[in-house]
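There are 2 protein chains.
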Amino acid sequence: MSLPVFGADIIRNAATPRLILDTVRDALIAHAEGRTSVPLPLAMEFPDADGDCHVKAGQIAGAPDFSIKIATSFYRNPALGLPSNHGLICVVSAKTGQIRAVLDDRGLLTAVRTAACGALVTHAMARPGAGTLGVFGTGEQARLQALWLSRLRPLSRVLVHGRTSETSRAACDWLIAHHHLPARPATARETAEADIVVTTTPATRPILDAAHVREGAHVTGIGTDMPHKNELPAALFGRAGLIATDDHEQCVDHGDFGHAVRSGTTTVDSDVPAGLLLKTPAARPDDAITVADLTGVGAVDAALASAVLGLLWEGEAAAGTTG
Amino acid sequence: MSLPVFGADIIRNAATPRLILDTVRDALIAHAEGRTSVPLPLAMEFPDADGDCHVKAGQIAGAPDFSIKIATSFYRNPALGLPSNHGLICVVSAKTGQIRAVLDDRGLLTAVRTAACGALVTHAMARPGAGTLGVFGTGEQARLQALWLSRLRPLSRVLVHGRTSETSRAACDWLIAHHHLPARPATARETAEADIVVTTTPATRPILDAAHVREGAHVTGIGTDMPHKNELPAALFGRAGLIATDDHEQCVDHGDFGHAVRSGTTTVDSDVPAGLLLKTPAARPDDAITVADLTGVGAVDAALASAVLGLLWEGEAAAGTTG
Numbered sequence: 368m369s370l371p372v373f374g375a376d377i378i379r380n381a382a383t384p385r386l387i388l389d390t391v392r393d394a395l396i397a398h399a400e401g402r403t404s405v406p407l408p409l410a411m412e413f414p415d416a417d418g419d420c421h422v423k424a425g426q427i428a429g430a431p432d433f434s435i436k437i438a439t440s441f442y443r444n445p446a447l448g449l450p451s452n453h454g455l456i457c458v459v460s461a462k463t464g465q466i467r468a469v470l471d472d473r474g475l476l477t478a479v480r481t482a483a484c485g486a487l488v489t490h491a492m493a494r495p496g497a498g499t500l501g502v503f504g505t506g507e508q509a510r511l512q513a514l515w516l517s518r519l520r521p522l523s524r525v526l527v528h529g530r531t532s533e534t535s536r537a538a539c540d541w542l543i544a545h546h547h548l549p550a551r552p553a554t555a556r557e558t559a560e561a562d563i564v565v566t567t568t569p570a571t572r573p574i575l576d577a578a579h580v581r582e583g584a585h586v587t588g589i590g591t592d593m594p595h596k597n598e599l600p601a602a603l604f605g606r607a608g609l610i611a612t613d614d615h616e617q618c619v620d621h622g623d624f625g626h627a628v629r630s631g632t633t634t635v636d637s638d639v640p641a642g643l644l645l646k647t648p649a650a651r652p653d654d655a656i657t658v659a660d661l662t663g664v665g666a667v668d669a670a671l672a673s674a675v676l677g678l679l680w681e682g683e684a685a686a687g688t689t690g
Numbered sequence: 368m369s370l371p372v373f374g375a376d377i378i379r380n381a382a383t384p385r386l387i388l389d390t391v392r393d394a395l396i397a398h399a400e401g402r403t404s405v406p407l408p409l410a411m412e413f414p415d416a417d418g419d420c421h422v423k424a425g426q427i428a429g430a431p432d433f434s435i436k437i438a439t440s441f442y443r444n445p446a447l448g449l450p451s452n453h454g455l456i457c458v459v460s461a462k463t464g465q466i467r468a469v470l471d472d473r474g475l476l477t478a479v480r481t482a483a484c485g486a487l488v489t490h491a492m493a494r495p496g497a498g499t500l501g502v503f504g505t506g507e508q509a510r511l512q513a514l515w516l517s518r519l520r521p522l523s524r525v526l527v528h529g530r531t532s533e534t535s536r537a538a539c540d541w542l543i544a545h546h547h548l549p550a551r552p553a554t555a556r557e558t559a560e561a562d563i564v565v566t567t568t569p570a571t572r573p574i575l576d577a578a579h580v581r582e583g584a585h586v587t588g589i590g591t592d593m594p595h596k597n598e599l600p601a602a603l604f605g606r607a608g609l610i611a612t613d614d615h616e617q618c619v620d621h622g623d624f625g626h627a628v629r630s631g632t633t634t635v636d637s638d639v640p641a642g643l644l645l646k647t648p649a650a651r652p653d654d655a656i657t658v659a660d661l662t663g664v665g666a667v668d669a670a671l672a673s674a675v676l677g678l679l680w681e682g683e684a685a686a687g688t689t690g
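Chains as they are written, first to last, in my numbering: chain W, 368 to 690; chain Z, 368 to 690.
Calculated directly from the structure, the hints in this document are not laboratory data.
Treat the hints with care, since some could be wrong.
No distinction is drawn between identical chains; accordingly, a pair holds when it is met within one copy or between any pair of copies.
As the list claims (entries may be wrong) - Derived lysine to any residue pairs resembling SDA-like cross-links, with alpha carbons at most 20 Å apart:
no. : residue 1 : residue 2
1   : Lys462    : Asp417
2   : Lys462    : Ser451
3   : Lys462    : Arg473
4   : Lys646    : Asp417
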């Protein structure tokens with residue numbers, strides 16, 4: 368039998384926001400409760416091309432499949448007319464090791480699960496009434512974080528801070544035109560002063576000043592996925608009343624939380640699993656700063672890939688195209 | 368453009384023994400000389416199914432591609448009528464991160480590169496006149512190690528020791544029927560007393576007695592690819608006059624060499640890169656025992672996948688099937 372390969376268009380149609388949010392939430396909870404198996408990711412860097420590649424694997428305990436995901440980010444691609452992100456997911460039988468299918472999603476599921484993880488955790492940790500969002504970064508994830516959070520709570524204002532006013536403007540135009548979100552470019556300080564702050568950059572030095580973050584605000588870091596990357600200042604973790612990580616070991620190894628731990632502003636036991644907050648929201652004093660460090664969990668990829676593949680096979684069976 | 372996927376049959380036709388040996392030799396030398404980039408592999412275990420999965424990545428310095436290989440081994444598969452090994456290789460552009468092709472080789476290239484690595488290193492390290500081979504294990508790799516070594520030097524006798532006489536007999540029958548090799552089942556002691564010994568099992572405890580290995584013999588360990596696996600006894604490394612590893616860091620982390628280092632029978636700086644011995648064979652006293660610990664190098668996979676893909680694309684261009 369030849370290897371079943373499903374393309375990005377059919378995957379995009381199958382992966383509805385409802386399916387994604389439900390699957391990602393359940394997987395983050397399973398991961399927090401220790402019901403997953405996730406080896407440390409494999410990472411490669413290509414400094415000559417300003418690129419990197421991550422391979423993440425994971426399994427939800429007892430699931431018949433596991434998945435292995437290849438994700439590349441090459442930051443000069445837009446100048447070549449190519450998207451920055453690419454990748455695919457292999458869904459593998461946990462009973463026999465046979466590769467059941469390749470989801471040739473070109474990074475689509477990584478993008479939406481990252482957006483969904485960020486939105487779910489941010490929504491669970493931010494004050495209920497918080498409505499202004501500050502986004503650092505202007506790429507795909509910057510836009511998706513704003514979009515997906517707007518699916519969970521109303522946003523009264525979206526402030527976007529990028530490296531240039533042109534890229535900030537372009538991100539705002541996209542959010543306004545496609546999703547009617549009240550977005551405008553802003554300074555780093557204005558952006559850091561929002562009720563909710565999300566960082567989505569490949570920065571290697573902190574991109575916001577901890578002193579600008581207001582009491583009662585929530586900050587989610589999305590972009591730090593290798594040891595040399597760093598978006599959130601260590602001092603921010605020092606001020607936080609609640610710190611959540613999507614995977615403790617990964618965040619210590621290559622997340623912003625690890626930088627803060629090594630700098631001494633917080634301790635290695637100061638975080639709680641983000642998934643637990645999705646199940647039972649933590650009580651938060653109104654004036655506390657809360658921080659989430661998300662490095663991306665392979666078990667979430669596995670759960671989403673399995674859910675999508677299940678739908679695709681149902682669709683094929685219904686259409687009579689499977690043997 | 369849809370993802371190009373090449374199947375096992377077309378790959379088998381393209382990957383001739385000559386291409387494989389030349390490519391693997393060059394890649395092992397490049398790796399020994401530091402001209403490769405190889406992150407630590409990602410490993411998962413599935414104890415309920417007696418299975419494991421390894422993901423290896425690698426790049427030859429300056430090559431336009433890198434590769435990521437998924438390889439699974441599920442040892443109960445034969446009882447289900449399935450091969451133990453499965454897998455695929457993704458060839459990825461090192462300039463843009465775009466996935467150029469999937470080699471749906473079902474583990475074929477892993478099997479032959481492992482066989483070629485073993486044969487090349489064994490041939491380089493064994494005494495020139497050594498002609499008796501003892502093989503521990505009866506699976507695909509046991510057979511391929513004997514076959515590929517026979518392509519590099521004449522073998523006067525192949526002794527095979529497996530867990531049961533039936534599996535040993537079956538492996539010998541295959542070697543005799545398909546490749547006219549003088550194979551016969553043997554006891555563990557007889558097998559360990561051969562001029563050349565190769566171990567190809569998923570054992571978790573040493574499978575041969577160091578005292579049975581003769582002076583002047585060479586031993587290559589193939590099967591130890593996770594920290595809990597162990598084929599070669601630590602005492603063997605203590606007796607060795609020359610130790611080679613295909614990747615120092617991997618062999619310390621999860622090879623037989625690491626077990627020996629931790630047990631104190633040898634030191635962490637006692638090995639030489641196996642690739643260097645392919646370029647310039649080391650002088651060996653006739654009565655020295657030599658040992659090679661091979662854990663499998665991602666850069667070898669990358670080089671072989673690129674070479675095969677290049678041929679496949681040439682073939683497609685010649686046939687006028689590429690746009």
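Right, here's what the structure says about each hint:
1. Lys462 x Asp417: between (39 Å within a copy, 9 Å between copies)
2. Lys462 x Ser451: between (35 Å within a copy, 11 Å between copies)
3. Lys462 x Arg473: Only across copies: lysine 462 and arginine 473 sit 16 Å apart there, 27 Å inside one copy, limit 20 Å.
4. Lys646 x Asp417: Close neither inside one copy (38 Å) nor across copies (34 Å); limit 20 Å.
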